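**Q** Can you make the complete structure from the sequences, with help from the hints?
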Amino acid sequence: MTERTFTLPDLGEGLVEARVLEWRVAPGDRVGRNEPLVELETAKSAVEIPSPHAGVVTRLHVEEDQLVRVGDTLVTFDLERDSGIVGTVPEEAERTERRVRLRPPEE
Amino acid sequence: MHATLYGDAAIHYVDDGPGGAPTSSPVLLLHGFGSNFELNWNRTGWSNLLVSEGFRMIGVDLRGHGGSGRPREDDAYLPGVLVADLVLLLDELGVERVDVLGYSMGSRLAWELALIRPERVRRVVMGGFGPRDPFADTDLSDPGADGSPFGALFRAVAELPDNDAAALAACARGQAARPFTSTPAPLRAPLFFVAGEDDEMAEGVERLAHDSDAAVLRVARRDHRTAIAASAFKKAVVEFLTTDAPADRGAAAGEAG
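Each protein sequence line maps, in turn, to chains A and B.
Residue numbering for the first sequence follows my numbering, starting at 190 and increasing by one per position.
Residue numbering for the second sequence follows my numbering, starting at 975 and increasing by one per position.
Among these hints, one or two may not hold up.
To be verified - Counterexamples of contact, computed for chain A against chain B with all Cβ distances above 10 Å:
| # | residue |
| --- | --- |
| 1 | T196 |
| 2 | Q255 |
| 3 | V257 |
| 4 | R258 |
| 5 | T265 |
Unchecked claim - Straight line, CA to CA, 20 Å or less: simulated SDA-like cross-link-like pairs of lysine to any residue:
| # | chain 1 | residue 1 | chain 2 | residue 2 |
| --- | --- | --- | --- | --- |
| 6 | A | K233 | B | N1137 |
| 7 | B | K1209 | A | G221 |
| 8 | A | K233 | B | D1138 |
| 9 | A | K233 | B | E1133 |
| 10 | B | K1209 | A | N223 |
As the list claims (entries may be wrong) - Far from chain A, by Cβ distances over 10 Å, these chain B residues were calculated:
| # | residue |
| --- | --- |
| 11 | G981 |
| 12 | H986 |
| 13 | G1043 |
| 14 | V1061 |
| 15 | L1062 |
| 16 | E1066 |
| 17 | L1114 |
| 18 | A1130 |
| 19 | A1141 |
| 20 | P1153 |
| 21 | A1159 |
| 22 | E1174 |
| 23 | H1184 |
| 24 | V1190 |
If you are wondering where the hints come from, they were derived from the structure by calculation, not from laboratory data.
Because the structure is a prediction, the values reported are computed rather than measured.
Idealized CB from N, CA, C, for every residue including glycine.
**A** So, in structure tokens, the structure goes:
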């Protein structure tokens, strides 16, 4: 088991802190690289931070509505074995294919 | 793909995604005042979501914003002029019909596009938008100078790197020169309104939605600035854009129009 923490990255524009709007993962969740991790509010805008790793979330270090500063730990992951290889993320099996029914332009 | 279309103002845009999503048209993304595609739709997670869901996404920087041209004349920002940029872009890309997703000023333009060119629009989502006058109590000759809600917003966006305060002021005056009216409403495309429950700019959106026969979602504990990134907003939009459409509203009413 390889643990890896993820700290609040430098968001640019001289911003040094952000408020957690909403966690998109919970401890125990498996998350793929680039999948939504957390929504933050900075002094200038709202941003969604994607996960930098594929793995299992073991701990969230900040609660919703709390402020975090650049460099503060946000989350701890348990990285999957062979994490250097892009893991297979289970497809959402229930997604149904629907037929397109476009109406021709009424002209 | 990032590219630039040269009309009477240069329009920077992004065209990305596979476009294989079932029952969908390309999605045209229209950002809010003082923002741009990157801030409004990319950093907030929307472009990731739409591309991973299989949508083709066309994101523009409206004139006066982002990488697009920045005329300084008020008349260069009349709503009809900004909509003409969008139609030109759709023509250039050979896209017949789009779903439109707007936020704030982008929602107002989405409404106008659906009104003026209904044949080009399949569905419309309007985020962070309501029928109230966004420029109420604002002195538009110097829009950052007063304490009105728009004055505060103007000051915030004028400070963003790369924004051009003179172009944005002209844009505000151009938009204000044609105040939004809830009638006539677009008749053909299904409409969907989404706003944070604490979003003052969206005051009255329930009435507007009711009057235009549209659904509305209020996102709990979000305001004008924070609702844009909300997962509830995203989920509802994907559902709205991928659910089998009822017939166009105009057609359902007996091929009216």
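**Q** Hint by hint, say whether it matches the structure.
**A** For each hint, the structure was consulted:
1. T196: holds (18 Å)
2. Q255: Holds, since 14 Å exceeds 10 Å.
3. V257: Per Cβ check, A:V257 is outside 10 Å of chain B; nearest 15 Å; holds.
4. R258: holds (19 Å)
5. T265: Given a closest Cβ separation of 22 Å, the condition holds.
6. A:K233 to B:N1137: Judged against 20 Å, a Cα distance of about 13 Å means the pair holds.
7. B:K1209 to A:G221: Holds, at about 18 Å.
8. A:K233 to B:D1138: holds (16 Å)
9. A:K233 to B:E1133: With Cα atoms ~9 Å apart, A:K233 and B:E1133 stay inside 20 Å; holds.
10. B:K1209 to A:N223: Holds: B:K1209 and A:N223 sit about 17 Å apart, inside 20 Å.
11. G981: holds (24 Å)
12. H986: holds (19 Å)
13. G1043: Holds: least Cβ distance 23 Å, greater than 10 Å.
14. V1061: Non-interface label stands for B:V1061: nearest chain A Cβ at 15 Å, farther than 10 Å.
15. L1062: For B:L1062, whose nearest Cβ neighbour in chain A is about 19 Å away, the distance exceeds 10 Å, so it holds.
16. E1066: holds (19 Å)
17. L1114: holds (23 Å)
18. A1130: violated (7 Å)
19. A1141: Consistent with the label, B:A1141 stays out of reach of chain A, its closest Cβ about 19 Å off (over 10 Å).
20. P1153: B:P1153 is indeed farther than 10 Å from all Cβ atoms of chain A, at 27 Å.
21. A1159: holds (18 Å)
22. E1174: holds (16 Å)
23. H1184: holds (26 Å)
24. V1190: With a cut-off of 10 Å, B:V1190 remains clear of chain A, as the shortest Cβ separation is near 20 Å.
The structure does not agree with numbered hint 18 stated previously, though it agrees with all others.
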